[in-house]
Amino acid sequence: QQQVKQSPQSLIVQKGGISIINCAYENTAFDYFPWYQQFPGKGPALLIAIRPDVSEKKEGRFTISFNKSAKQFSLHIMDSQPGDSATYFCAASLVGGGNEKLTFGTGTRLTIIP
Amino acid sequence: ETGVTQSPTHLIKTRGQQVTLRCSSQSGHNTVSWYQQALGQGPQFIFQYYREEENGRGNFPPRFSGLQFPNYSSELNVNALELDDSALYLCASSLAVLGASTDTQYFGPGTRLTVL
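Sequence order for the protein chains is A and B.
Under this note's numbering, the first residue of the first sequence is numbered 234, with each subsequent residue one higher.
Under this note's numbering, the first residue of the second sequence is numbered 11, with each subsequent residue one higher.
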């Protein structure tokens with residue numbers, strides 16, 4: 234059972250454009266939603282995260298939009314740069330429940346072209 | 011501040027063998043989680059250790075086992091290796107306070123295991 238669905242699988246965006254990656258979750262008990270960035274041969278690095286008590290969180294060029302009723306959240310990368318080319322994973326977890334495993338989406342390979 | 015480190019970087023084993031992967035947590039962290047990442051997929055949760063005790067397990071068979079040591083370093087052991095065990099194995103450390111974990115998990119670079 235895939236509890237976090239991520240789309241698109243791959244994305245090509247022109248430099249300076251906006252990259253948008255979407256995720257949907259099933260478990261309404263999830264209360265922590267991070268996005269990770271992974272470069273080839275490296276482990277995932279935390280990019281930005283949100284709790285369901287807010288609808289949007291912005292850190293620099295990265296913004297998470299969260300829709301609790303629709304059980305969806307998305308990552309927006311403004312002014313996309315070639316250095317942003319990487320694989321992005323959304324994830325979800327329960328915090329404080331004693332078993333804080335992250336459930337990941339399947340990933341989006343983002344390519345920023347000049 | 012020291013980040014999460016893993017060893018070895020790469021490993022090649024044959025089917026039926028046993029393997030041990032190692033992880034050193036980020037300084038100050040007391041919880042470690044292990045994930046398996048197959049090629050082109052998202053990481054899958056294997057198990058988590060807190061204060062040297064297993065604290066949750068994903069859908070992996072008992073031949074996947076782990077240890078956490080008093081210094082919070084950790085090992086992942088896999089017995090009777092199968093071809094499908096070929097993957098990137100990631101450990102992630104976090105800080106739990108009074109049994110309730112904080113939300114941020116920091117990942118190491120991973121160990122690439124190839125089973126032939």
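Worth flagging that the hints you see were computed from the coordinates, not collected in a lab.
Using N, Cα and C, we set each Cβ at its ideal position, and we do this for glycine too.
Mixed in with the good hints, there may be bad ones.
Each pair of labels, with its calculated beta carbon distance range [said to hold, decoys possible]: (1) Leu105/B / Phe272/A: 35 to 43 Å; (2) Gly249/A / Leu49/B: 30 to 38 Å; (3) Gly50/B / Asn255/A: 14 to 22 Å; (4) Asp264/A / Pro72/B: 25 to 33 Å; (5) Asp94/B / Ile346/A: 32 to 40 Å.
Hints, one by one, checked against the model:
The hint said 35 to 43 Å for the Cβ distance between Leu105/B and Phe272/A, and at roughly 25 Å that hint is violated. Our hint of 30 to 38 Å for Gly249/A and Leu49/B holds, since their Cβ atoms are close to 31 Å apart. For the hinted restraint 14 to 22 Å between Gly50/B and Asn255/A, the CB-CB distance of approximately 19 Å keeps it satisfied. A hinted range of 25 to 33 Å for the beta carbons of Asp264/A and Pro72/B is consistent with their spacing of about 30 Å.
The hint said 32 to 40 Å for the Cβ distance between Asp94/B and Ile346/A, and at roughly 35 Å that hint holds.
In this structure, the one hint that does not hold is number 1.
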